[in-house]
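Asks: Sequences and hints are given; from them, build the entire structure.
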Amino acid sequence: MAWLSDKKNAEAVRVVSIVQQADGCRTEDLWLELRRAFDEIQEKQSTSQRFDELYGAAYVMVARNDGERLYRGLREAVTEHLVKKVRALVLAAVDDDFLRTLNRAWEDHQASMRMISDIVMYLDLVHVPRNNVDSVSEAGVLLFRDRVARYGDVQDRLRETMLGLVKTEREGESVDRASLKKACEMLVALGLGSRSVYEEDFEVFFLAETAQFYALRGQFYILTMDAFEYVARVERDINEESERAKHKHLRNLGRSIVKEHGDSVSFIPQVMDLRDRFVYLVQHSFEDDEAAKLAIATDFEYILSLTNKSPEHLAAFVDDMMRKGIRHMTKQETDQFLDRVMAIIRPLQEKELFEQYYKQRMAKRLLLNKSASDEAEKTVVARLRKECGCLFTSKMEAMFRDLHTSDNTMKEFKDATSSSRSNIPSAPWSVFQTFRRFYLARHSGRQLNLQPQFGWADMSAEFYGPVNNEPSTSQASSTPSGKHHPRTYTIEVSTYQMCVLMLFNRHEQMRYEDIASETNIPETSLVRALHSLCTNGASEPVLTRAPASNEIGNGDVFGVNESFTSDLQKVRIESTSGNMSAPKNSQPAVNLDEDRRYALEAAIVRVMKARLKMSHDDLFAEVTSLLRATYTPSPTAFKTRVDALVEKVYLERDADNEDVYSYVP
Numbered sequence: 001m002a003w004l005s006d007k008k009n010a011e012a013v014r015v016v017s018i019v020q021q022a023d024g025c026r027t028e029d030l031w032l033e034l035r036r037a038f039d040e041i042q043e044k045q046s047t048s049q050r051f052d053e054l055y056g057a058a059y060v061m062v063a064r065n066d067g068e069r070l071y072r073g074l075r076e077a078v079t080e081h082l083v084k085k086v087r088a089l090v091l092a093a094v095d096d097d098f099l100r101t102l103n104r105a106w107e108d109h110q111a112s113m114r115m116i117s118d119i120v121m122y123l124d125l126v127h128v129p130r131n132n133v134d135s136v137s138e139a140g141v142l143l144f145r146d147r148v149a150r151y152g153d154v155q156d157r158l159r160e161t162m163l164g165l166v167k168t169e170r171e172g173e174s175v176d177r178a179s180l181k182k183a184c185e186m187l188v189a190l191g192l193g194s195r196s197v198y199e200e201d202f203e204v205f206f207l208a209e210t211a212q213f214y215a216l217r218g219q220f221y222i223l224t225m226d227a228f229e230y231v232a233r234v235e236r237d238i239n240e241e242s243e244r245a246k247h248k249h250l251r252n253l254g255r256s257i258v259k260e261h262g263d264s265v266s267f268i269p270q271v272m273d274l275r276d277r278f279v280y281l282v283q284h285s286f287e288d289d290e291a292a293k294l295a296i297a298t299d300f301e302y303i304l305s306l307t308n309k310s311p312e313h314l315a316a317f318v319d320d321m322m323r324k325g326i327r328h329m330t331k332q333e334t335d336q337f338l339d340r341v342m343a344i345i346r347p348l349q350e351k352e353l354f355e356q357y358y359k360q361r362m363a364k365r366l367l368l369n370k371s372a373s374d375e376a377e378k379t380v381v382a383r384l385r386k387e388c389g390c391l392f393t394s395k396m397e398a399m400f401r402d403l404h405t406s407d408n409t410m411k412e413f414k415d416a417t418s419s420s421r422s423n424i425p426s427a428p429w430s431v432f433q434t435f436r437r438f439y440l441a442r443h444s445g446r447q448l449n450l451q452p453q454f455g456w457a458d459m460s461a462e463f464y465g466p467v468n469n470e471p472s473t474s475q476a477s478s479t480p481s482g483k484h485h486p487r488t489y490t491i492e493v494s495t496y497q498m499c500v501l502m503l504f505n506r507h508e509q510m511r512y513e514d515i516a517s518e519t520n521i522p523e524t525s526l527v528r529a530l531h532s533l534c535t536n537g538a539s540e541p542v543l544t545r546a547p548a549s550n551e552i553g554n555g556d557v558f559g560v561n562e563s564f565t566s567d568l569q570k571v572r573i574e575s576t577s578g579n580m581s582a583p584k585n586s587q588p589a590v591n592l593d594e595d596r597r598y599a600l601e602a603a604i605v606r607v608m609k610a611r612l613k614m615s616h617d618d619l620f621a622e623v624t625s626l627l628r629a630t631y632t633p634s635p636t637a638f639k640t641r642v643d644a645l646v647e648k649v650y651l652e653r654d655a656d657n658e659d660v661y662s663y664v665p
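With the UniProt record's numbering, letter number 181 in the sequence shown gets 181, and the count goes up by one each step, no holes.
Take these hints with a grain of salt, some might be off.
Straight-line distance between alpha carbons at most 20 Å, and here's what the computed EDC-like set of lysine to aspartate or glutamate pairs gives [claimed, not checked]:
(1) 181 / 156
(2) 364 / 407
(3) 167 / 95
(4) 167 / 118
(5) 639 / 652
(6) 309 / 260
(7) 359 / 290
(8) 370 / 387
Simulated DEER-style distance windows between Cβ atoms [as the list claims (entries may be wrong)]:
(9) 442 / 575: 30 to 40 Å
(10) 260 / 617: 38 to 48 Å
(11) 411 / 485: 51 to 61 Å
(12) 256 / 523: 53 to 63 Å
(13) 664 / 549: 58 to 68 Å
(14) 200 / 289: 40 to 50 Å
(15) 269 / 634: 24 to 34 Å
(16) 132 / 32: 26 to 36 Å
(17) 492 / 83: 53 to 63 Å
(18) 175 / 26: 48 to 58 Å
(19) 398 / 442: 21 to 31 Å
(20) 513 / 126: 29 to 39 Å
In short, the hints are calculated from the structure, not lab data.
Everything numeric in this text was worked out from a predicted model, so none of it was measured.
All C-beta atoms, glycine included, are put in the ideal place defined by N, C-alpha and C.
Replies: In structure tokens, the structure reads:
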């Protein structure tokens, strides 16, 4: 192994063998393969070729400046399928089956375009922005809109069918609401972010039909009913129409989001977007009616309670935004984002659980210096304090005080410490001395000291051993002389790891105490460096170690893993904690029982001290109201804490009624 002070950066080579193989084919042959695959995908047949072969063919066509032919040919293939197969199938459907057939065709088309988009991903990356044309997925939506959904007969039948279903339900019969809902969603999606298609193809006619329907019904009511009956029927119709429009719409949408995104952090932005839509509806259609706002708040409390992971997902979402999402936001955009976050925290029942998860993630951000903005961190805590109270944020605010103390301590420490006295190998040390002379010649009066604990290096490493679990024809095949062909990699390591690895240019194996003696690296840093080299998570380890115990120490023998291999030309060795048995990706458990017990008992005592005497149910209702800002206690937990307070003689039961408690001064 040899240390390299100057190494050119190189981009990773992707799909090399497939692209090289496709590069030897004629463009016409590549296109015919892709066209056949496009047809098979749209016909929902198994393709005869692998994805990487198709991706390579599309990549080569774009690289040969044949992107326009690929783009145009793809549009022609999709258009032909939509016109000859899909449109004909939709037009052949009759009665109620028409809407289901159209919805199914739209779903199949979306699935096909997703697969095709993956194959021609390089076309989207290079040809589309260069020529300012629609992306492949957008082109697929527009083609379905123009060739199917807005084709004369299909467009007319779709509108008539949807209006007919609404009219049928208004007359008291049951209809397939799910198909009607999917059709509305399809029309919205065909607008590519605009509601124009939905409004032009359905909403305008729907509103006109509604006005005409109720005008005729109103005249009929006036002619056949007295005033009281008229008012009652009108009120009933309004309620039915409102129910038809909503049909528990918000909660149904919430359940759909939970079903699709409930196990991932994407659940939170989905809920935020849903809330934004309904808040806009209340503001512009209900004139900020308080009852409507209360109903929406109740529904969102219900939606967030559908999964017990809501607090954890919300904390993770805010954590991700605080790490990188707000980096390029203006102050106004940051405030708007925090408004949306607080709007989700407000109806959250398990606020205390969110506080625990958020506190853990915030601590990691601050300790690892991963926060995008210290000002934003303090703003979030201030908003949480305003929303949930000072007790909620007391520990978070203590973190900022600890950081301030830490910064002051580190400044004092840096002033009091000198450079590390580790033994740097002669090759990099001579380069550093050359640079040092150059630097000091240009900046007289300054000092330049080496700090190896903060450095890193690119090393060129050659491995001659056979590759594990590979046949003799592998990369490590033997030469006629019996020696294996070398495998060369660039290994990115810390300075301490470099010092360790360069020892093995002179030694086959070394004991731990010999490595420590020759490098003079501090013990903790040396153990960490050796552990990382022996347990590289990205590939095989660079060094071997015997015995394979949990702790590294005296007596351990290290050597080069000559069978090292990696799919990457440049391998990065990540630093680890040095504990061989440390679990990966472990999340600290959140245990709230103790804190909640004290909070619940304190709330009970506070209420009883003010009221002196209360029934069990009244006390539970008032304590629940008092704690609602953080969490809602269960009746079982409440009864347990009341019994405990009775035993501690804070409360006593009424002699005539055990469900009535009195406060004991």
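Asks: State for each hint whether it applies.
Replies: Each hint, compared with the structure:
Restraint check for residue 181 and residue 156: the C-alpha separation of about 18 Å stays at or below 20 Å, so the hint holds. Taking the CA atoms of residue 364 and residue 407, the gap is about 16 Å. The hint holds against a cut of 20 Å. Distance restraint check for residue 167 and residue 95: the Cα-Cα separation of roughly 15 Å lies within the 20 Å cut-off, and the hinted pair is therefore satisfied. Taking the CA atoms of residue 167 and residue 118, the gap is about 42 Å. The hint is violated against a cut of 20 Å.
At most 20 Å may separate the alpha-carbon atoms for a hinted pair to count; residue 639 and residue 652 meet this at roughly 14 Å. Between residue 309 and residue 260 the alpha-carbon distance is near 14 Å, which keeps this suggested pair within the 20 Å criterion. Distance hint between residue 359 and residue 290 is unfulfilled; the C-alpha atoms sit about 34 Å from each other, more than 20 Å. Restraint check for residue 370 and residue 387: the C-alpha separation of about 25 Å exceeds 20 Å, so the hint is violated.
At roughly 33 Å, the beta-carbon separation of residue 442 and residue 575 lies within the given 30 to 40 Å, and the hint holds. The supplied range of 38 to 48 Å is met by residue 260 and residue 617, whose beta-carbon atoms lie about 40 Å from each other. The hinted range of 51 to 61 Å is satisfied by residue 411 and residue 485, whose Cβ atoms lie roughly 53 Å apart. Checked against the hint of 53 to 63 Å, the pair residue 256 and residue 523 passes, with Cβ atoms roughly 56 Å apart.
About 60 Å separates the C-beta atoms of residue 664 and residue 549, a value consistent with the hinted range of 58 to 68 Å. The hinted range of 40 to 50 Å is not satisfied by residue 200 and residue 289, whose Cβ atoms lie roughly 29 Å apart. Checked against the hint of 24 to 34 Å, the pair residue 269 and residue 634 passes, with Cβ atoms roughly 30 Å apart. With their beta carbons about 28 Å apart, residue 132 and residue 32 fall inside the hinted range of 26 to 36 Å.
A beta carbon spacing of about 54 Å between residue 492 and residue 83 agrees with the range 53 to 63 Å that was offered as a hint. For the pair residue 175 and residue 26, the beta carbons lie near 56 Å from each other, so the given range of 48 to 58 Å is met. The hinted range of 21 to 31 Å is not satisfied by residue 398 and residue 442, whose Cβ atoms lie roughly 46 Å apart. The hint said 29 to 39 Å for the Cβ distance between residue 513 and residue 126, and at roughly 56 Å that hint is violated.
In summary, the structure is inconsistent with hints 4, 7, 8, 14, 19, 20 from the numbered list given earlier, while agreeing with the others.
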